[in-house]
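All chains, full assembly: derive it from the sequences and hints.
Protein chains: 2
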Amino acid sequence: MRLDSLQYARRFDHVSGSAIREIFKVIAQPGMISIAGGNPSLAALPDAEAAEIARDVLRDQGKVILQYGATEGYRPLLETMQSWIPETLGFDAPAVLPVTGSTQAMDLLCKALINPGDRIVVENPSFLGNLQCMRLYEAELVPVESEEDGLDVNHLERIFRDCRPKMLYTIPTFQNPTGRTLSLAKRRRVAELAEEYGVIVAEDDPYRDLRYRGESLPAIKSFDREGWVVYLGSFSKIISPGMRVGYMVGDPGLIRKCTIRKQSSDLHTANLTQAIVDQFIRRGLLPDHIRRISADYAAQCDTMLGCLESFPEGISFTRPEGGLFLWVDLPEGIDAKDLLKKAIERKVAFVPGTHFYAFGGHENTLRLNFSASTLPQITQGMDVLRNLVTEAAEA
Amino acid sequence: MRLDSLQYARRFDHVSGSAIREIFKVIAQPGMISIAGGNPSLAALPDAEAAEIARDVLRDQGKVILQYGATEGYRPLLETMQSWIPETLGFDAPAVLPVTGSTQAMDLLCKALINPGDRIVVENPSFLGNLQCMRLYEAELVPVESEEDGLDVNHLERIFRDCRPKMLYTIPTFQNPTGRTLSLAKRRRVAELAEEYGVIVAEDDPYRDLRYRGESLPAIKSFDREGWVVYLGSFSKIISPGMRVGYMVGDPGLIRKCTIRKQSSDLHTANLTQAIVDQFIRRGLLPDHIRRISADYAAQCDTMLGCLESFPEGISFTRPEGGLFLWVDLPEGIDAKDLLKKAIERKVAFVPGTHFYAFGGHENTLRLNFSASTLPQITQGMDVLRNLVTEAAEA
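Going down the list, the protein sequences come from chains A and B.
In this text, residue positions in the first sequence follow this note's numbering: the first is 1, and each later residue adds one.
In this text, residue positions in the second sequence follow this note's numbering: the first is 1001, and each later residue adds one.
Fair warning: there could be bad hints in the mix.
With a straight-line cut-off of 20 Å between C-alpha atoms, the simulated EDC-like cross-links for lysine to aspartate or glutamate are [to be verified]:
1. A:25 <-> B:1060
2. B:1063 <-> A:313
3. A:63 <-> B:1049
4. B:1063 <-> A:195
5. A:63 <-> B:1079
6. B:1063 <-> A:47
7. A:25 <-> B:1072
8. A:63 <-> B:1047
9. B:1063 <-> A:296
No wet-lab data here; the hints were simulated from the structure.
Note that the coordinates shown come from a computational prediction; the quantities given were computed from them, not determined experimentally.
Now the structure itself:
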């Protein structure tokens, strides 16, 4: 029998093609200025420190690190997190599970909670990687409208009341893709609504430490009384994404279910990368490192915003207080996908905003990343974009 | 609303409690002789080499290793595998996907292929971790009988014909839990049947390099003409389980589906652990390392077999040619779970065989591990077991 008679699982029926992947292939071309991805800058990756720490931990704890570990996490990291989370995030950590990047946290949550047809409320637009994850679990996505200060809580309440969703997925701080931040009052309200209607909130917060202006806000999790909020943290943006170390904090019963699920997902996260993150924190390297990369990213963000000021009339854009992204609305009628084709010819890549909407549309939007490019690259890339937008607006 | 009103996904309904986890908590007690797990010996873990390699790769390729990687795998490792697989495994590698331990390979295969109610044929007994994974995907498990030279291929054909399964899961070499090896003729036959009936074969082969006697056998995959066989390999038993690096080899279309699934499972396997495995191979360290640990394990295996010779009449056991485990049948009427309770009081732990059967039963069987204990520990632990078995047989 030929293999082409093989039938794949139905859950794949819900997963669309990979326009994004095509873009990422293009990024890899030499000479391309990429304001498309969400990569840290190379300067932000602490390779010298990691080399020293890796050698040290393998010398001192090599047998433990190379042996099977516990699904529950590498013990020294768990101990570190027990005090680090209250100190830096401002809420207690009744249960913490280190995961293989916070990508895995989302997968485990869906696996633990989502039956086919269950509804998940998602910001509109939202991080497309996790939208894809939810689709693989055959969740029905319910978009909640987005405002300047984050999701519309009145709309959210109507959805909670009328649609009885299982979960809300939100990125409250310097959101991907818009760069927007959920206000303090709305954070409190989201926690209240979750408790009132019995909806799990997946609070995905990988960018919170990358703040360039304004005051730090408490997490939604800090307003959570009954355990409906699960906090997803990550070291990808502040230490290294290639190490794949994130964590989830939540109710012990729910974390336990996710731990059991993790047993058959990858048994445990690599001990070595957990140990490197642990030592990075224990050696006190993180605060200075965050200050240094934040200063660089702030300059990159400001440069990109400065370039946008000279774009033609009729476009608007977000002014993020941190994170990696900003969001541009072009005049109606301009299709960012067409713009991208022309931009790629001129060696500049970005991501059309339509891909971040659960049900598409919004063709006149785009996401720009300022973390992965140098200041001259940003200026050069934005010059190309400005010319293309001007051409398109005049056409 | 209180969190105890939260409903978990139905897929958890199929997952039983964790008798095994209770055993593993016991193992952690100080002074316990564990012949229960499947850990490599501490002497087999190359901590000095890993420390040096980790520092080197982070110095030389630190920015690449700490940055986001491709879901498809760390490029240098992929290049290495392209020649290493044909040379050491004896079959071509049309597509290879590095995974976060071969645990993840099983998860990705189920995710790609299994709809609720789909049938998976499993050896009886089989590796319980992967049985749990299949249950989470709501597969219906169909046990195929096990013989001295591996699964019963006539029984397998009847199952293929009558039950129309989606997949066969088999550990052909030094099987977990029995230590048995599928004969050459049967390997060829399994590949033929898979093609004839259109059934995916998941060939889980983590122990193949740990051979202490007899001739190495070609993988089932080497008889595969149409791509129905997916080979699951692992570096857990020959370099380090704590690094979580395995791989899957198969048809490019199927590997592609698994790659897409992996995007939302953990995005990619940590670059650092992939790079360490890559350098371990490139530096030519693997053959000597395998020879050294195999010599140790062979002695441990022989010691355990020697102890079993002096057990009372009426017990039988496998004589594995490699791997980490052997399997004991006690006289009918003796329950290995009762034996375990008494053994734990005397500071010895093993795993009752019943847990490895998809539908339980076989209470008079047990799995013993010889890799994680020293020769004196094996002798001491087996003395305890012998006394308990003798007592039980006389009762």
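Does residue 313 of chain A lie within 20 Å of residue 1063 of chain B when you go C-alpha to C-alpha? 40 Å, violated
Are residue 25 of chain A and residue 1060 of chain B close enough, with their CA atoms no more than 20 Å apart? Given that 20 Å is the threshold and the Cα spacing comes to 25 Å, the pair is violated.
Does residue 1063 of chain B pair with residue 47 of chain A here, judged by a C-alpha cut-off of 20 Å? 6 Å, holds
Need the status of pair residue 63 of chain A, residue 1049 of chain B: alpha-carbon distance at most 20 Å? Measuring from Cα to Cα gives roughly 12 Å; hence the hint holds.
Within a Cα-Cα threshold of 20 Å, do residue 63 of chain A and residue 1079 of chain B meet the stated pairing? 29 Å, violated
Hint check: residue 63 of chain A vs residue 1047 of chain B, CA-CA at most 20 Å. Holds or violated? Holds - the C-alpha atoms of residue 1047 of chain B and residue 63 of chain A are around 6 Å apart, at most 20 Å.
Given hint residue 1072 of chain B paired with residue 25 of chain A - CA-CA distance at most 20 Å: The given pair, whose Cα atoms are some 12 Å apart, holds under the 20 Å limit.
Residue 1063 of chain B and residue 195 of chain A were given as a pair; does the straight-line alpha-carbon distance stay at or below 20 Å? Violated, at about 43 Å.
Between residue 1063 of chain B and residue 296 of chain A, is the straight-line Cα distance small enough, at 20 Å or below? 17 Å, holds
When each numbered hint is compared with the structure, violations occur for hints 1, 2, 4 and 5.
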